Structures are given as structure tokens and as C-alpha cells.
Amino acid sequence: MTTNLSSVSAGDALPELKLPPIDRATLALFAGASGDHNPIHIDLDFARHAGMNDVFAHGMLGMAWVGRLVTAWRPQSKLRRFDVRFGAITHLGNAPVLNGKVLEVLEQDGETRARVHIEMRNQYGESKIQGEALVALD
Amino acid sequence: MIDRSWIGRELPAVSMTLERGRLRFFAKAIGETDPVYTDVEAAKRAGYADLPAPPTFLFGAELDGGILDRLLADLKVPIAKILHGEQGFTYHRPACAGETITVQSRIADIFDKKNGALEFIVKTSEARNAAGERVAELRSVIVVRN
Numbered sequence: 012m013t014t015n016l017s018s019v020s021a022g023d024a025l026p027e028l029k030l031p032p033i034d035r036a037t038l039a040l041f042a043g044a045s046g047d048h049n050p051i052h053i054d055l056d057f058a059r060h061a062g063m064n065d066v067f068a069h070g071m072l073g074m075a076w077v078g079r080l081v082t083a084w085r086p087q088s089k090l091r092r093f094d095v096r097f098g099a100i101t102h103l104g105n106a107p108v109l110n111g112k113v114l115e116v117l118e119q120d121g122e123t124r125a126r127v128h129i130e131m132r133n134q135y136g137e138s139k140i141q142g143e144a145l146v147a148l149d
Numbered sequence: 296m297i298d299r300s301w302i303g304r305e306l307p308a309v310s311m312t313l314e315r316g317r318l319r320f321f322a323k324a325i326g327e328t329d330p331v332y333t334d335v336e337a338a339k340r341a342g343y344a345d346l347p348a349p350p351t352f353l354f355g356a357e358l359d360g361g362i363l364d365r366l367l368a369d370l371k372v373p374i375a376k377i378l379h380g381e382q383g384f385t386y387h388r389p390a391c392a393g394e395t396i397t398v399q400s401r402i403a404d405i406f407d408k409k410n411g412a413l414e415f416i417v418k419t420s421e422a423r424n425a426a427g428e429r430v431a432e433l434r435s436v437i438v439v440r441n
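Protein chains in written order, with the numbering used here: chain E, 12 to 149; chain U, 296 to 441.
Please note that a few of the clues may not be correct.
[Unchecked claim] Computed cross-link-like contacts, EDC-like style, restricted to lysine to aspartate or glutamate with a CA-CA straight-line distance of at most 16 angstroms:
#: 1; chain 1: U; residue 1: Lys376; chain 2: E; residue 2: Glu118
#: 2; chain 1: U; residue 1: Lys376; chain 2: E; residue 2: Asp54
#: 3; chain 1: E; residue 1: Lys89; chain 2: E; residue 2: Asp56
#: 4; chain 1: U; residue 1: Lys323; chain 2: E; residue 2: Glu118
#: 5; chain 1: U; residue 1: Lys376; chain 2: E; residue 2: Asp94
#: 6; chain 1: E; residue 1: Lys89; chain 2: E; residue 2: Glu118
#: 7; chain 1: U; residue 1: Lys323; chain 2: U; residue 2: Glu305
#: 8; chain 1: U; residue 1: Lys418; chain 2: U; residue 2: Asp369
#: 9; chain 1: U; residue 1: Lys418; chain 2: E; residue 2: Asp94
#: 10; chain 1: E; residue 1: Lys112; chain 2: E; residue 2: Asp94
Hints in this document: simulated from the structure, not taken from any laboratory. For clarity, every value in this text was computed on a predicted model and none was experimentally measured.
Same shape as in the complex, but just chain E:
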């Protein structure tokens, strides 16, 4: 995908990223690949002992998906900052919907950069992750 740099301006939306519902296999694979072996994400018995109804998604899995949203829009080599807040637990069966919106285009450290609001919701519109990315447009 190509992006016409001169056309990037505040209010522009990044192409939406919609993902299938989260299943246990995805969490198991992410535990192994990411190095986060906390059993609360992969072991139902452990999760119940911890007072949860079931296992739930790693926060960093959601952040990785937000990263995909951003790097599908601009190459990763242009990414300068990436900050998120994990606002709510993402449950099994949640189908993530990721969106981004350019808040402003600014000059910083000799570059033209876009400050982008990013958000992950589930299929019911409940917000799970919110944050910002700073992306060079040069």
C-alpha cells in the first residue's frame, strides 16, 4: 500500500484492521512467541484460582495488533514512538477492531511527523486499548 505523504493531514483515518474472535490457541501461540508464560493467559485452572472466569488475552498481544495497524499504514522504520494504555481486559471470543486517526501533523527533530490516535475495540464497541503513535512522514 502506498500513502501519498503530502495528503496526510489531521482527521485522516488509518485503514481499519478487523480480526477474528480470540481463541485459546492464539493465546498459547502468543505465550510461546512473546516469552510471556504467565499461566493466567493459558491455564484455565490457574485463571480460576486467581479469581477470573477464564483465561484472557495478553495486553501485549493487543498492542502487537495495534502495531500491525500502524505498520500496515507506514513502514516500521518510520515509527518513532508507540504508547498505549490497557483500559480493559480483552476476553476470549472478542473480535478486535482496530482504528487509527491522525490527530496532527507536526515538525519535530527535523522531521515531519504524524501523531496518531490508536484504539482497539471489540465487536461490541467496547474500548480495550487506547494510545498514540508518532510516525515520520518524510
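Following the hints, put chain U in place on chain E, whose structure we already have.
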């Protein structure tokens, strides 16, 4: 309550060598289909020396190295009680397969809310390559549900 004397404490540095196989496994786990993350030639055409580590990958360096497990043990925080509150990255240069990245963290802050029902551990980290160049800075907020 977590011992506040941990504020300012440096954690042991940990090194992680980025492997193509692990990076491809990570790409699969997050559903990444951009060939830049799995095909070395595509990565090189895009200007990378080899497969680039995706934006959030380096968070795992301290997990692999057992640093987080050790920190929780030292702070007497059960892993079942933690949630990830916030995460941030500042990027300086790409980290690609074949490179060895060293991550060094410190406990920047520990504070509580709701009369101690929630405690927050703020950890800041620097990631450098073998040449000592800064690759990224990380900031993590871990929430402890007491």
C-alpha cells in the same frame, strides 16, 4: 504493600539474540502477514539488514531472561495479581535478526491508589545493540491487584 525502597533500583541487564525462527513464530502468533516480517529478501528490499523485530517484540527480552519473574519474587508480588497497565516504546533504530540486544531496566516508581487496593510499578528500560547504540526505550506500568 511493596517495599518502596525499590524505587530507583536497577535490574540486571539481559541480552537477547534475535533469531529469524523466533521472529517468524512471533509474526504467526500475531497474525502478521506483511512479508517484511517473515521473508528475508522482502525485509532487505524494504531497507532492513534482516527480518526486523516487530514494534513490541523487545518487551519479551526481559521475560526470556527471567528478569520479570525475579522482580516479582523480590517484590513479593504473586504473578496471578498483576495486570499490564500501560506500555510505551521510543524507537531509535531497527533491531533485526542476527543482532544481540541488551536490555537494562530500573524501577522508576512505585505508587498506590484506592488506599492500596491497587499498586503500580513503573519500569523504564533501555535497549542497546552490540555496538552500544540505543535501539529503543521502553516504559511499562504493571498494576498489582491487592
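Consistency of the hints with the structure:
1. U:Lys376 x E:Glu118: Given pair lysine 376 of chain U, glutamate 118 of chain E is violated - Cα atoms ~42 angstroms apart, limit 16 angstroms.
2. U:Lys376 x E:Asp54: Distance ~15 angstroms between lysine 376 of chain U and aspartate 54 of chain E Cα, so the pair holds.
3. E:Lys89 x E:Asp56: Measuring from Cα to Cα gives roughly 42 angstroms; hence the hint is violated.
4. U:Lys323 x E:Glu118: Given that 16 angstroms is the threshold and the Cα spacing comes to 36 angstroms, the pair is violated.
5. U:Lys376 x E:Asp94: violated (23 angstroms)
6. E:Lys89 x E:Glu118: Holds, because 14 angstroms separates the two Cα atoms, which is no more than 16 angstroms.
7. U:Lys323 x U:Glu305: violated (34 angstroms)
8. U:Lys418 x U:Asp369: Holds, at about 14 angstroms.
9. U:Lys418 x E:Asp94: holds (14 angstroms)
10. E:Lys112 x E:Asp94: holds (15 angstroms)
When held up to the earlier numbered hints, the structure conflicts with 1, 3, 4, 5, 7 and fits the remainder.
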